[in-house]
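Starting from two chains that each stand alone, build the complex the way the hints lay out.
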Amino acid sequence: MTNSTEHASPLAGLRILLVEDEMALAMALETLLKTMEARALKAARVEKALTLIEREPLDGALVDINLGGTPGYPVAAELDRRGIPFVFMTGYHQSAIAEPWRDRPVLSKPFDDAQLERVAATTFRC
Amino acid sequence: MAKDADKNAGLSRAGKNSEAERPLVVGIGASAGGLNAFKTFFDHMPADSGMVFVLVQHLAPDHQSMLAELLGAHTRMPIRQAEDGTAVAADHVYTIAPGTTLTIQNGRLCVDEPGQARAERRLIDAFFSSLAADQGEYAVCIVLSGSGSDGTTGLKSVKEYGGFALAQAGLDEGVGSSMPASATATGLVDFCISIADMPAKLAEYARHLSAVAPDKDADGNRRDAAEHLRTISAILYEQLGHDFGQYKQSTLTRRVQRRMQVLQVDTMAAYVGRLRAEPEEQRLLFNDLLIGVTQFFRDPMAWQSLENTVLPSLLEHKPAGEQLRVWVPGCGAGDEVYSMAILITEALEAHRSKREAQIFGTDIDERAVETARTGRYAKPPAGLSEARRARFFTQEDDGAWRPSKKIRGMCVFAPHSVIKDPPFSRLDLISCRNLLIYMDSVLQDQVLRRLHYGLKPGGWLFLGSAEGVSRHDDLFETVEKKHRLFRRRETGAAEIPDFTSPVSREPRRHDHPPERATKPAAGGRIARAALGVMEKHAMPYVVVDADFRIVHFSGGPLTRFLAPAAGEARFDLFAMLKRPLRQVARAVLTEAFSGGEPAKHPNVPFRIEGRPAAANLIAEPFNTSGYGGGDTRLCVLAFQETPAGGDESAEPPADGRDTALEHELKVTKAQLNTAIRELETSNEEMRSANEEYQSVNEELQSTNEELETSKEEMQSVNEELQTVNSELSHKNDELIRTNSDLRNLLESTQIATLFLDRALNVRNFTPAVRDLFHLRDGDTGRPVTEIVSRLDYDDIKRDADKVLRELTMVERELEISDTDRRAYIMRIRPYRTVSDVIDGVVLTFTDITERKRGEAALRASEERLQRALEIETVGVLFSDPQFRLTEVNDAFLKMSGFSRDEALGKTWQQLTPPDFHENSNRAEAELRDHGYITPYEKQYYRKDGSRGWGHFAARMIGEEAVEFVIDITARKQAEAHRELLMHELSHRVKNTLATVQSLMTQSRDGAAGVGDFIARFGARLRALSSTHDLLTENHWRGTDLRDIVDIELMPYMRDDHPQWTLRGESVPIGSKTAVALGLAFHELATNAAKYGALSVAEGRIEVSWAMEPVDGAQRLCLDWTEHGGPSPEQPEREGFGLRLIRDGLAHELDAEITVTFAEQGLRCDMRVPLDADGEGGRL
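Chain order of the listed sequences is A and B. Number 3 in our numbering belongs to position 3 of the first sequence; there are no gaps in the numbering. Number 300 in our numbering belongs to position 300 of the second sequence; there are no gaps in the numbering.
Chain B with its partners taken away, still in its complex shape (with noise of 0.2 Å):
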């Protein structure tokens, strides 16, 4: 503790005698917004004060730290960021790096990066706790700013190993859960104050170290200490009524000391004084000599021992139906009580066991047995597995924990001393943990003492690990040592102890047994008393144990044998004997233990006072049961005495003249003979009744033990039945604001509501039901359907009945009878009670007049907007925001040939072909940029896939999007059309224009003059023309082959007589086909005028054709036969004619053409394939 922190610091100090130079080592803490208060500290604290600054700081870890930069400017110290293994030097402030861990041993710096989440860090406790260990007095903890608990249990440490506490004060009032705010709330702050302030402070404390070092041993113990202990024990047992007498004088010392520091006292009188005089003080005193640290499952192997060893030899051994009974002494915030219930549950599960278990926690400090029987703990409490903790532990609201109800109901707290009040008594085991520790031998061999006393035959002890009960190996049996797991030795008897302690007795020592060694035997008094009279005849005897310790005296001569040997007081055998008899009474007493069997060795010679003697030594083992666990082998020695050598009980003979006296002598002697015995008779029965007061007592006391426990649980109880009665109260305060709450509701609400009993009386109603119901207030009570209604409605009886016959409900819409016509929707439905019982029903009206009235207008603007959307030619679609159909109208479907179901769904992307895709993104991108779109033109595809197009305009209605298209295929079919006609016009003209460039060209050649040109031209562009007034008539669209003959024919009509016949059926040919055997006819019918038959009046032409299939297809077979004109001759150069027939008609037509010149007229063959279309050569 504080002597090794002083023989390892590493400080730069020569040895003991430079101690006075010894620096302060100061930990400050803060949280990462403790800048300002770091500034503010340094600012007031000089340069050369000689004290060690180490600066803790909560940082993120990947914070690249500038504390040292931003505090450059308020001190002149040098400022590092803390590096492993730095020895600290006066005068130099050191900063914590981010992401580690800074602690300090030896005097050096240690820094660690942890892998532990960083939440789970308390950075501050962790290096003020090092700092306590090793600095102990020279450590001072400051608390700054900050949130959460971090500090306060380094803290405690500091102020356990003697060190100095300051904390920033006047931060955070009122908030509970700020740094410095936990660490004041331990009451261990030695100063609450500004941090302006906190510089003096600090160099007080420094001179009053360096003022009071000299006077300090080599443990730092204050050498004038010892004497005035006594005295401020005293004063506190008198003044607080507890006596610290016994307590470890060291413990004692260091405490004392650091209330010293704290106050600036330079001397130990000083002190005693200001002891004397302040009440306040007293109290520091006492909270500082209690510091405790405690945890869950402290030291967990020793728990695992204790859950292992004992509790199932508890459990098994102990009859059913009995309570386990458990005391934990010295408790303080109650965390090892806590456990131990924790513990005991557990075992208790893993037997099936239902046995009670009852743990008393008793501590000498108020507060703590405040703490532990609250039971809230701000953090999770530490030492504890997740697993126990989420199973024993709730967590309340506000983020503290609370231990169980389970376990809460096991465990009584009370204040109670265990040197100055009675023992509990009859328990099972008691847990008595890092008490011993604090107390001088004295008082621990009175305790524990207590505590044997307090158990029952065979209970458990269970020590913290640095306590043991060594000098009492005749109280406690050691089962574990390690764990320092303890049962009770049976002695003869349970010693009660003495309960007072005054201060100023001297340290009594309790080796002496008690004079009463074994209770009483059970019998009447004659018995005890004939016992007793016999005990003078009998012989005398001892009984011991197994190691020849005398645990019963027998009455009688017994001192004969007996003479205590000098020096301490002791119970062994061999002590006591006389020596002669030593050797024998060894050898007696081995064979009869050893064999079992009585044992025996004849006349022993020894001397009674002076003279020889001779004794029977006779020895007899026999078995003690009952208490507790096994037997006990005891052993009694008795002693016969037999005849010594000489005859010394010889009498000499009686001289004659003294007769009378002699007689009067023997009656004298009679009568004192009888006298005696009386006396002796009385003697035993007073010690008897008092053996028995003593038992009596005994049983008092435990009474009073119980009578304590139940006072105990009394108090829980009351404090209970305290919290029951605020949560009802709390609950009834709840109940009238729910009241009164209703009742505002109820006047508040419009609705109508009227509340009837099962007999259809009025029970309650809100004052609108005036409205409906002829009410007043006195109506209470009054069956409803003798109240006069403005309502429609004679059914209340039976709706009523039928629900609460159904337990349905019933609703319907009424009117009021009279002028205005309001209407109301009625509901009536079961009372239910909170408890679920139906009493009655609860009739509400809910005026809907206005919602009627809405609802028709909204009605007939939907039929509005129905027959709007049924309006043909217009399709209407609506889509979610995703563009998917939600709506079509039949307008739509119709258009698109979907059905509504295949519409509904699909999204434009669906509708639209791809080549329109960017119209439509565009369109889609300015409806939501201004919610409506320019219209505009796009195809759509149709369900056969076939497209159409549309006209769109399209607006956002809400997130929803209402489009419009109007079908415009047709016109634009039209349009194409138009179009197709204009080039196919062009194409005509121009082509015709090439046609007739040609004729013009061919018409030249072989001319006689410009008026042959101008005839042949002319006849052939006439020709031309007739066929395109053919065509013209069938929109182009072909005509027939009998008119392209007759057409080119009639201009040769003789006498309006035609000299031609045509026969044949009736031929449809197409207009490119048509022009080009127009020409041709032409040239026939031209050449047949000039040359052939048309020449004279006798000439005649045939033309005839039919179709005839060939090859699957069909061909024109037209024959021009010419006939009763001049022979015709082979002309000498082919003119145009005959090679547009011959070979352009048949380069054109893919037409087979033969031309003779016969004898009776020229004879032209033509063999034409057509198509469907009626056209040539394309087959």
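For reference, chain A alone in the conformation it holds in the complex (with noise of 0.2 Å):
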């Protein structure tokens, strides 16, 4: 993990939409944004992303494909259509993300702060 202090975190101040049904690994994640600086929004379930992203100013969203058995899709098209960057994370193989998705940021699972953090910095700070 990455010393967040010694030098400025490119997320820093980013308000991130963090979308992951795994307990554990929303935990931890949402721990690593915080020592990166940024904030994060939890959301285990599709309904309640959706209300995240009406209600909450958004800079980018971490969207886990498979919610409890529901695609995230619905999720990213949400983002999609309102201009916010997201980058997908999964634990399937790249070619189980639908068609009309496959050319977005992925996280494959399991990945390590690094990944994340150049994923997340090229994604959401363009």
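Since the hints were made in silico from the structure, they are not lab data. All C-beta atoms in this analysis are idealised placements derived from N, C-alpha and C, irrespective of residue type, glycine included. Keep in mind that the hints are not guaranteed to be accurate.
To be verified - Listed next, with one range per pair, are the computed distances between beta-carbon atoms:
1. A:Arg125 - B:Lys1090: 38 to 48 Å
2. B:Ala953 - A:Glu47: 42 to 52 Å
3. A:Glu47 - B:Pro1126: 39 to 49 Å
To be verified - Here are the computed lysine-lysine pairs in the DSSO-like style, where the Cα-Cα straight-line distance is at most 27 Å:
4. A:Lys34 - B:Lys990
5. B:Lys990 - A:Lys48
6. A:Lys34 - A:Lys48
7. B:Lys894 - B:Lys906
8. B:Lys420 - B:Lys456
9. B:Lys318 - B:Lys354
In structure tokens form, the structure reads like this:
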């Protein structure tokens, strides 16, 4: 894990939607984002995520493709509609991603902090 | 005619003097393929012939004619396409433009573009006809190769106007339909020669024309003709028996000249010599003289008038049952006769009359009569309306038209000369059209008298448009001048015309009335004699008609009052009467006619032989009726002599000495008187006998006419009989042929056939029957029941009787009883004669052994196939060439859920989901191209709309396609499931690894050292692992809440005794929620073991749970309560465990979690909403 205090985090000050149903992973990611000086808004379900998108100003999102058996694509669609950049997270192989979304950035589970930071930085900071 | 043509010809000649330079105009007709003929012609034609050539060819209207270019190489003459108004010039060639009609008028070409259909046009006829009329004898027509008959009619015209005609020889021999053949058949073609010879003939003809030109008068007739014509007529009369002596001179001259041109004879004398020597020339001249153009209903207005005026009058006034008799002299090819028959038939129908009609068609020309009799028209008859043609003509197989039986039956044709032969008699109508125009006035006069004789009183005469009866008002009354309809006028008597016409006879005037003026009154001889005697004493008289023409003279001393005037003999009363009587006679007659009463004028003085005399003139009018139509008013003018002023009657006194002589004289006088009286009586008798003979003669004459007619009729009956006979003999031949065909059929057919009569005796049989019955040739006539049969069949009598009774067919399958077991089908049918009478039965035996074997093999094969089709799991589908299902097996129905009725008729498009249509299309194309397809997989629709997977293979069998399908839905599902599992496994493992990674991260925070980190992380991994164990046992389909709690507490068993109690029903928990709960219970248990109830032996944990309904859903309420342990303290910093429970779990499962650090121990309340799968957080 990177020591974020030594140099300014690329994600500092961003509001990131974290859509992940795996409890332990969600907690770990939340911790991680916090260390990167970003604020995480958690949602384990599609409905919750849509509510948050509706309500909160967001700079980016991390979206698990499988949310307790429900695909996370509606969340991706809504984000896309609003022009909010996002990164998919999945344990599946890349080919399992639905056709229209294949060209989006993906973090393949498990990933380490560096991977997250690099992908998030390029996607959210552009 | 030719005269006009000469005057109008717009050729480049200065006048009559340059006649010699006048060019021939040569019309050449050929069909579209006539190019080579044209080439040959011009190859032989010098370019300076001085002639004009006009080429008429059948061309397609849109065809650009290359004729000019193509012929350019064959002649040096300029070639032009005909343009309207071009004056033709010598040594030029003109060609017809495509799609136009070309004619010539006044030496100029006329080009029309007709709207008429091309097939109807007769281009060559049109040009030739105009050429004939325009150029007369300078017209030449040449008919070259081509099919059809175009050119023939035009050629006739050319000949009629004295032109020259050539036809191509040696072409299409034996083909009657070619243009040259059709032209030659008219007999009018001058030379039928090869094309190469034609230019030479033309040159000869031109030379001849110019040689004779100076000899001609202004009308183009030869000046030396007249003197020779009588000789020519005499030759024809002698040799052929036809007298043309009184034909119009100009007509005769023209025809003779034409023959001279053809023969290249320059002088009349030479021609006469030739005519005398050559019978063939006589015949040719004769034919030429008879050229006639006829057509149906020629001059339609005149026919209309005939139809409207004459026929109704004839039909109304005629006594019922009397035959209508019509004579058409000079009938030519019969067109006029058939026209008449059509008209009369229509009129009879209009009057609903059953009256019979007989039309005599006669002509001097036997060929024409033959043509008329045959009544065959190669072309559709000209001049007939479509309706009449359809009604009165029938078209034969070869395309020729024939008059229907009905109208043919009305007509009788015979060769007959209206001049030479006795006329027909008792006629109602004579149609003599365009015959008189050929005759001079003397002959016309003679013919009209004959026609007058032939007509019944009131009969009608119908003449041609150029003819009239103006010189014969006494014979015919004009009814319609315009259409030349005349009616017989009553003269006192019908004259029996003179039937001889010697050629040498001087023309005779017929203006004299006959001696015998009235028919003798009926009555006995005595009465007549008495009348004769009395006549001397009666007043002399004359009978006159309203025009004061004398129609009757009395006997007696009439001559005392008459003094015929000098000059032409006339019957005019006033010309005959003595001059002093004329004035008074006119007055008296006028008074009598106008008053209708007798009138008298006494004592009119006049002189007889110089002596004065006087007479009373008495006139009395009377009517005669009974002759045809109306009454005729006549008037008798009688003369009554009265004593005149002087006393001439006083005789001087006689001398006494001569008494004896006087006495003798008196006696002698008396004797003489007696003798005279006797003589007069016998004279009278003679005269009346003579009159009787005359009338007998007349009757004989008409009997003779009738016999003539009967002969004609007999002849036509004979003709018909001959036809019938030849038909019969033809039929007989056919019958023999049919009979022999039948015999051959019976013998060659392998079907055994047995003919039986009504009594079931053998009548006939085919050779094959011998295989079944022991029949010999001699067995004909024996009952079939007596004949030994090899068949297993005894019911022949019963079956045959049934057939005869019910007239149905009986059919049986039989076998031969002995070794080879052959099978037969026997059919018994009634024997029907041609007239449909049942006269026995026919048995046929068809050998069906092979068929039966074949059938058995087929059945076996079908059964095999059927069993194959009944195979389960393989669907079999048959479809037609459009890939519509025609049959399917049960296996397919089972697979698809359709009933057979629903399935049949469906196409693969209907059964295949759209996303697989491409595969099916490919398969269909392959099937069509190769007859089979490489097996492939696709989805199909079941009846309920769901999709199944099938493995398909197909093959064409003839036109039909058969397809096999194996249902592979289960396999496909298994494959899909396996793939899903693979994905799921990957997902789970990676998620689990992600969880482990996060556990590791979390465990590091707050760890006292590596040992502590390993202990904590290990414990958490174990907790995760045990939950996984639980789930794996249940194949990840979830587990029970109790087991989750149990397995997390189990490691903290103290001396094999649990320090906890679990209370609650069985609650199924989904695998995901189970993992989350497992980690949570692990943290609670670890915490309890370190700081809580499980850290001391007295500590206890109570875990209880229950499901409660909230808002229609289920919620798990779980309480974790510790007691008996050390009192917990609120931690300064929330550790991972507490965060996981309070924050993570609440977040993940959407749960309400309360953690309380109470005095007696830690307490945790969970409220987790669960769905039907036992998963939290979804609601």
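Now the hints, each set against the structure:
For arginine 125 of chain A paired with lysine 1090 of chain B, a C-beta distance near 44 Å keeps the hint of 38 to 48 Å intact. Distance hint check: the CB atoms of alanine 953 of chain B and glutamate 47 of chain A are about 50 Å apart, consistent with the given range 42 to 52 Å. Checking the proposed 39 to 49 Å range against glutamate 47 of chain A and proline 1126 of chain B shows it holds: the Cβ atoms sit about 43 Å from each other. Between lysine 34 of chain A and lysine 990 of chain B, the direct Cα distance comes to roughly 23 Å. Compliance with the 27 Å bound is thereby established for this hinted pair.
Taken as a hint, the lysine 990 of chain B and lysine 48 of chain A pair is honoured in the structure, with Cα atoms around 24 Å apart against an allowance of 27 Å. A hinted pair counts as satisfied when its Cα atoms are at most 27 Å apart, and lysine 34 of chain A with lysine 48 of chain A qualifies at roughly 21 Å. A distance of roughly 16 Å separates the Cα atoms of lysine 894 of chain B and lysine 906 of chain B; the hinted pair therefore holds under the 27 Å criterion. For the hint linking lysine 420 of chain B to lysine 456 of chain B, the alpha-carbon distance of about 21 Å falls within 27 Å, and the restraint holds.
For a cut-off of 27 Å, the pair hint linking lysine 318 of chain B to lysine 354 of chain B stands: about 13 Å separates their Cα positions.
When the structure is compared with the earlier hints, no violation turns up for any of them.
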